[in-house]
Structures are given as structure tokens and as C-alpha cells.
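Novice: Those sequence lines, one after another, are chains Y and Z.
Oh and the first sequence: position 55 is 55 in our numbering, straight run, nothing missing.
Take the position in the second sequence, starting the count at 1, then add 348; the result is the number in our numbering.
Read the hints as simulated data drawn from the structure, not as lab findings.
Among the hints, erroneous ones may be present.
As the list claims (entries may be wrong) - Some chain Y residues well away from chain Z (every beta-carbon gap over 10 Å; in silico): (1) Q65; (2) D69; (3) A111; (4) D151; (5) T191; (6) N218; (7) S290; (8) M291; (9) E339.
Claimed, not checked - Pairwise CB distance ranges (calculated): (10) Z:A576 x Y:G115: 19 to 29 Å; (11) Y:S282 x Z:N435: 23 to 33 Å; (12) Z:E554 x Y:D32: 38 to 48 Å; (13) Z:P612 x Y:K10: 32 to 42 Å; (14) Y:H262 x Z:L631: 53 to 63 Å; (15) Z:N435 x Y:Q35: 50 to 60 Å.
Using N, Cα and C, we set each Cβ at its ideal position, and we do this for glycine too.
So you can see what is in the structure, the chains are spelled out below.
Number of protein chains: 2
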Amino acid sequence: MRTVEWDSTKNCIRMIDQRLLPGRFVQVEFTDYQQAANSIRDMVVRGAPAIGATAAFALALAARQSKADSINAFKNEIESASRVILNARPTAVNLAWAVSRLLTKMQESKAQDPGQIKEVLLLEAQRIAEEDIETNLRMAEHGAKLIDDGDTIIHHCNTGALATVDWGTALGVIRLAHEQGKRVRVLVDETRPRLQGARLTAWELERYGIPYDIISDNAAGYFLRNGAVQKVFFGADRIAANGDVANKIGTYMLSLAAFDNHVPAFCVAPVSTIDYELANGSLIPIEERSMDEVLNIQAGGEAIAPKGATARNPAFDVTPNRLIRGIVTEKCVVYPPFEKGLKEIHKL
Amino acid sequence: MRTVEWDSTKNCIRMIDQRLLPGRFVQVEFTDYQQAANSIRDMVVRGAPAIGATAAFALALAARQSKADSINAFKNEIESASRVILNARPTAVNLAWAVSRLLTKMQESKAQDPGQIKEVLLLEAQRIAEEDIETNLRMAEHGAKLIDDGDTIIHHCNTGALATVDWGTALGVIRLAHEQGKRVRVLVDETRPRLQGARLTAWELERYGIPYDIISDNAAGYFLRNGAVQKVFFGADRIAANGDVANKIGTYMLSLAAFDNHVPAFCVAPVSTIDYELANGSLIPIEERSMDEVLNIQAGGEAIAPKGATARNPAFDVTPNRLIRGIVTEKCVVYPPFEKGLKEIHKL
């Protein structure tokens, strides 16, 4: 079962509605690319790699929906659809990366028939989804070597199968170490405000049989200071050329507390997450989402604040490279100095 | 209106049930000291100074309930009741401090009539409550000088009128600065798992007309890194002789992020919070509360984790003194080196 996939019988995108987990497991189908873009914005699907694959399928869907019969009109429609999809969420670079891969395929194609290009785009989207799984398995192999038997690991947000097409990034590393027979225990940051840790990561760990305890995000420092934690793992939504990492809000404070206690913090992300055009993390656009996510527990849920209360809700923060021990990619584990190391894997 | 008070008409302790705020404002009355001790354990009342006053009233109530007619039997009953009250919560030293003040009064009294000692104990409890308010106002005067016009301040947990008999500690400082005409804005850490910030501090700030925004605890680092914050303020449940501060879970990560960004973090607490018998913070007992507080939003509330999930729930952490710029007490603001400074104010 995949987080997001193309159904070639029904010609639709099918995805797990992650807003309903862990209470209910529901799959939803989209036959309209704008609805698919909305599903990214509304976080039916989340996680940088899963967003990338969904964006690719959404653009393939836009192509399918096009009624243009001239190649130029068709290409204009696709470029316009790509802008709608790109606007869904600003921080994860995988979204732009996936859209750009499809647009490049379209531009390089010599086909003069929209129908042929529709096929090309769908194939490329499917390739992105397949590659995501392979990439995750390779990251898991590199990353699992960093985990020792008996480790207790703090994990932030959700970076598992649900954050990708399948298998996961940081959680995929932990999952492979577990499958290799290493005894691991996970302290699951609940990850306010949307609780991706308590809802999604805990749900995955239950299924994999990996022991865990959920903690409030603000309790990570307590366990790090008490010597109860050997490693910290998280994913990334965008990595700047110098190794600064934009990831789910709270990653900076977690990494800082790990650093203060000499516990190594590892980021796990595919090369597609690296934005070589941004010199450092201060240039990464940070999405601020609706204050309702902070003022209420889950959409439409119980209000926790007094009437009239306001909130701020940045969805990501930037962890400076000095706090990160290593970045696990599908090519290898990159160590400081990251600017040099990331440049080198670009050439591999 | 006071957080906790003695009603001398009904001879009962009356307190605000803080578990119901901000949704409902309800006052509850206790005529049995064991129920009053339970109200501390169950967090009907919370906040170190408020716990101290409640413990004192609870012991005065135990005295009132005693049917002993010999002075020795009476004193044995009071000492036994004091142990029940002391066991309610382990971390806040104000509880032990208040109980100890009453026991000392009893031991020093030459009265041979339990009735007279009952009066002595009630008077001492009332004195503790009155002193708490005066102490808070003096701390506010010292602390308000640290706040500049235009400051944005991150505040953790609740340290306002609700955490004390009245007025508050760290929030009392911010409140006085506001009343002095300084424009301040508060970023309110929601303070998982019990949401004292989102529920109680936001409720108080609404009443005082102080502008604020609630943030997830894990977002504090984002605002600190972006230069949006000038000061950090919090209270304390126990301060070791070297200035290490045990306070609500999350204070360590917040102070660390403040320190990493050269933003001064101030602790505001009465001298009664200083435990001169503990050399450093590693000796402070840290309460771990029920995992249900993490797995559900508020008692009996919505489950946020999958069925079968477990959690860890330390209620406090220890912030090492190196991360604290100053400790505001009713005597003065103490600056590093704290061991020396705290010793000096002990003599004042």
C-alpha cells in the first residue's frame, strides 16, 4: 500500500488521507489536478518526498484533463497548471523539483501530439514515485550503519512510509535497523501543532513492532540531558548548499539540545531535497500556516485557547549546519564541512 | 479574586479550578485537608507559590479537623497530615517550605491547648498567602526594570495570578511593565502537555489587555533565531544553590535557544523557591506524571495517539545556570555567579 499512487484503471491519483489517522484509515481519489493541489495545501498528503510525487501526478493529471489540440496551447496549459501546483506549499523543494522534472521532459520532447506528451508526463511521474522508494531503501542502508544495538532515538515529525511514496526517510533508517535485529527504542516527538509524531509516526511504529514512547516536543531536552538518548533523527523539507536544513518546526530546538548534550543529530533526505541555488538556510522561504492549527487540536477540534486568542504558526524552521552531525542521502552520508560534501555528491 | 484563599465564614479553602479554564470559571471549596492535598496532586491548583499557600491552608485545615484533646496527640496528627500534604507533588519546593513554616510555628508555640495552636497555624497560613502577594509585587518592581518599551517576550507555562495567590511571578513582571506604559508583546508558549500557556496565560493576558500570540513550544526557536524576541521570562519550581532552575518541562530547551541567539532569559521566583540544601539541579526530584496527559488533550479529552500507544511525561526539567541571565527575587535581581549571589541574598 502506497501513500500516493496512480490508478491506471480509473486514471486518478489515490492517496491516504493523513488527516484522519490514526483514528481512521481512508483513501481518497482525485481526477482533477486542482483538487490534488488543494490536497497538498490542506495536508491530506504531507512529507516532502510524498508532496513531490503527488505534485508530479497532479501535473500528469492536468495534462490528461487538457482538451488542447495544438501543441502550443497544450504546453501553455501545462505551464499554467504547474504554477497552481507550485503554489500549494512553499517550503519543501521536492515539490518544485518534481514539477521541474516533468516540465523538462515536456520541453525536451519532440512530439507534436499532446497525447504523446501526456504519456511522457505520466511515465515520468510514475518514475519519480518508483525512484522515491528505491532512494529511501538506499538511504536506509547508509543510515542504519549509524545506529547501534540498544540505541534510544528521538525522532521528530513523521518521516516514515506516510511521508514518502513508501518506506520513509529518517524513520526508514530506524525501520531497517530494527529489521536488521538491532534493538532500538524511539522517543516520538508529538510534533505540535499538527501532531504528525503522535498520530502518524506512532501509528507506523505500532505496525512495525518497534518500541516507542510519545513525548511532548519540549521534553526532548530532559531526556537528552539525562543521557537517555544516543541519536536524533529527522528529515528535511529543503537543504541549502551549506547544509542548513529547513524541516518541521521544532527541529532547530531539538538539534540544539542534542548538540548541547553531545548527542549526534542526523538528517535523512534524498538529494532532490538539496537546493544548490540557495547559499544558506536564511534564504529558504518558511510557510506560516493558519493560526487555527495552534488554537485548536486538529481541524474542527477542541479549542484550547480563550475566545479571541491569536497565534503564530510557522510550519518549519531552519537548523544551522553546525548542529548537524551528518546528512544521510541515497548516495552516501555527508559529513561536515557540508558545503564541500554536498557539492561532491552533486557530481556523483 | 484570589487563586486560593481561606474563607473564615465557612472555614474552608476556596480555589479556582484551573483545569476548567479558559472554558469555565469555577471556584471549588474544601473542608477536608486530604481533598485539598488531592487538589494539588490533580492540579486543580498549580504554580509553585499557589501550591505553597494551598499546602499551608491544607495543614491549617487538618488542624481544624483534629479532634485530639491532648497536645501530643494533636501534634502527632499534624505531623502525619503534613506528610500527606508533602507527598502531593515532589518538585516545587514551596510546598515543603510552607509546610515547614507551619510546623516550626507549632514546635515553637508554648501553648498547651490544641485550640490555640489551630489559631496559630491558620494565622501563619494566612500570612504566607498575604506575603506571597507582597513578594510578587516586589519581584515585579525589580523585574520590570529589565523590560524595555517595545519588547517582545517569550513566556513559558503560566506564572501569573493563577500560579500564585495573586499577581504572579514572571507574568507579574510583564504585567507591571505593561501598566507602567511600556509597549510589550508576549509570545505565549502553549506549554504541552497541559497547555498552561494556551489556556491560562492567554486567559490572563486577555484580561490585562496585553497583546500576545500563542505559539507551539517548539516554535520558540524560530522566533528567537529571526530576531523577533528581546527577552525570555519564566518562573521556577525549585532553584538549587548554584542557580540551576527546575521549572515546567520545556524551560531548558527554551533557555538554550535563547542563549544560542544572545537573548537574555530571566527566571522570576521568590526566595522561598531556592533550595539552599541542594548543591545543583541534578539533585532536584523531577515528577513524572501520567502518560494520559500526553496521549490525550486535557483529561478525558480527545485521544491524539493510536490505540496502545505509550508515552513518557516528565513534568519539569532542569535549566543549567549557564543559560540564565538573571534570577529576579523579591530582594533584588541576582546575576552570575549565582552561587555567590544567592548566598548573599540569603543573609539579607
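Novice: Determine for every hint whether it applies to the structure shown.
Specialist: Hints, verified against the model:
Distance check for Q65 of chain Y against chain Z: the nearest CB is about 37 Å away, which clears 10 Å, and the non-interface claim stands. Every beta carbon of chain Z lies more than 10 Å from that of D69 of chain Y, the smallest distance being close to 49 Å; the non-interface claim holds. Taking the minimum C-beta to C-beta distance to chain Z, about 46 Å, the non-interface status of A111 of chain Y holds against the 10 Å cut. Its beta-carbon lying about 16 Å from the closest one in chain Z, D151 of chain Y satisfies the requirement of being farther than 10 Å from that chain.
Interface exclusion of T191 of chain Y from chain Z breaks down, the closest Cβ pair being 8 Å apart, not more than 10 Å. Chain Z draws N218 of chain Y into its interface by the beta-carbon criterion, the shortest separation being 3 Å against a cut-off of 10 Å. No beta-carbon of chain Z is positioned within 10 Å of the beta-carbon of S290 of chain Y; the least distance is around 13 Å. The beta carbon of M291 of chain Y is not kept farther than 10 Å from every beta carbon of chain Z, the shortest such distance being approximately 8 Å.
No Cβ of chain Z comes within 10 Å of the Cβ of E339 of chain Y; the nearest lies about 20 Å off, and the non-interface call holds. The hinted window of 19 to 29 Å between A576 of chain Z and G115 of chain Y is violated, with their beta carbons roughly 52 Å apart. For the hinted restraint 23 to 33 Å between S282 of chain Y and N435 of chain Z, the CB-CB distance of approximately 51 Å leaves it violated. One distance hint, 38 to 48 Å for the beta-carbon pair E554 of chain Z and D32 of chain Y, holds here, with the actual separation near 43 Å.
The hinted range of 32 to 42 Å is not satisfied by P612 of chain Z and K10 of chain Y, whose Cβ atoms lie roughly 60 Å apart. In this structure the hint that H262 of chain Y and L631 of chain Z lie 53 to 63 Å apart at CB is violated, the actual value being about 22 Å. Look at N435 of chain Z against Q35 of chain Y: about 58 Å separates their beta carbons, and that is inside 50 to 60 Å.
When the structure is compared with the earlier hints, violations turn up for hints 5, 6, 8, 10, 11, 13 and 14 and for no others.
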